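Engineer: Sequence:
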Amino acid sequence: MRASRLISILTILQARGFATAPELADECGVTLRTIYRDIDSMSEAGIPVYSERGSAGGYRLLDGYRTQLNGLSAKEAEALFMSGLAGAATDLGLGSVMVAAQNKLLSAMPVALRDGALQMRSRFHLDAPAWFSLTEQPHHLPQVADAVWTQRLIHIRYESWKGIKERTVQPLGMVMKGGAWYLVGQVDDKPRTYRISRILDFDLLDQYFERPTSFDLTHYWRASTRRVEQDTYNSQATIRLSPLGVKMCGHFLPPYVYAEMHLSKEVDERGWTTATIPVGTLWQASAEILRFGEDAEVLEPPELRSRMMDVVGKMGALYGV
2 MRASRLISIL
12 TILQARGFAT
22 APELADECGV
32 TLRTIYRDID
42 SMSEAGIPVY
52 SERGSAGGYR
62 LLDGYRTQLN
72 GLSAKEAEAL
82 FMSGLAGAAT
92 DLGLGSVMVA
102 AQNKLLSAMP
112 VALRDGALQM
122 RSRFHLDAPA
132 WFSLTEQPHH
142 LPQVADAVWT
152 QRLIHIRYES
162 WKGIKERTVQ
172 PLGMVMKGGA
182 WYLVGQVDDK
192 PRTYRISRIL
202 DFDLLDQYFE
212 RPTSFDLTHY
222 WRASTRRVEQ
232 DTYNSQATIR
242 LSPLGVKMCG
252 HFLPPYVYAE
262 MHLSKEVDER
272 GWTTATIPVG
282 TLWQASAEIL
292 RFGEDAEVLE
302 PPELRSRMMD
312 VVGKMGALYG
322 V
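Residue 111 in this note's numbering sits at position 110 of the sequence shown, with consecutive numbering throughout.
Hints in this document: simulated from the structure, not taken from any laboratory. Just so you know, these numbers come straight off a predicted model, no measurement behind them. Not one of these hints is a red herring.
Okay, the calculated beta carbon distance ranges per label pair:
no.	residue 1	residue 2	range
1	D202	R38	48 to 58 Å
2	R212	G294	49 to 59 Å
3	W132	G58	43 to 53 Å
4	T226	G294	22 to 32 Å
5	E45	D189	42 to 52 Å
6	V188	R38	43 to 53 Å
7	A4	E301	56 to 66 Å
8	D202	T32	43 to 53 Å
9	V188	Q15	28 to 38 Å
10	D202	G321	40 to 50 Å
In silico lysine-lysine, DSS-like type, Cα no more than 27 Å apart, as pairs:
no.	residue 1	residue 2
11	K166	K191
12	K191	K163
13	K178	K163
14	K178	K166
15	K248	K266
16	K191	K178
Don't be surprised by glycine CBs; every beta carbon is placed ideally from N, CA and C.
Use the sequences and the hints to build the structure in full.
Structural biologist: As structure tokens, this is what we get:
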């Protein structure tokens, strides 16, 4: 286990050039103290690992130091083929490139590893969009991907929920979520998110930009999506649920709402129980709770209960009740 961890640290430093102790500890699944001991052991073994002190400090290898650590374990070989997202690669115009790369990797593998890799490719498939939804095919997707890769400025005309706007953007990265493609771009030194299908016009400029060294796409996206969820569902409601309503929560409620729901353990004589859920606007909350039909009742807040009564009354009138 320790030898494998030391090799992992070495390959991380070779691949990235620099890594902090917390980053190494997180990726290796150990404590900071263990990483410090491992770095000391590597230095004693003659591996030129240098530390940089300070708030932005970390570890790097001596410039030019390389070691050949190309051996793949069986699980690592399988994981490489599991990570190939065929649908996403095709959307970006890289489908044939990915297939060619996998074939080259497969041919270079020892015979003992090929069977596992082939089984992984033939037995697992990732279908990113949710049921009854389709993957978007934005018109400008390949051009946006090229701009991200070449670090060229782009000028876009974009349709947001506030209206149509024009922006000159530094494209930092792309994310596929729920079958939709998003561009993360920097405007006025601040990262912003744009849904690529809403880009009306796209111009690739002849200007290049320097990518911010401190920007991490994964960290930005996680923080951004969490912030959107919290801003969207910024209130709470208390509802009563029938036994069937409780069973259907995972199907009717959005994933974030379902994950944050607090269900009471107390059940009344009819089997009904109460739950507290995050909600957004009155219109949004009433639309989501109406999916339960007669198996859910809003108790609080009063304005949401009033909204539900109003909607149900109008529905009754619509159907002649």
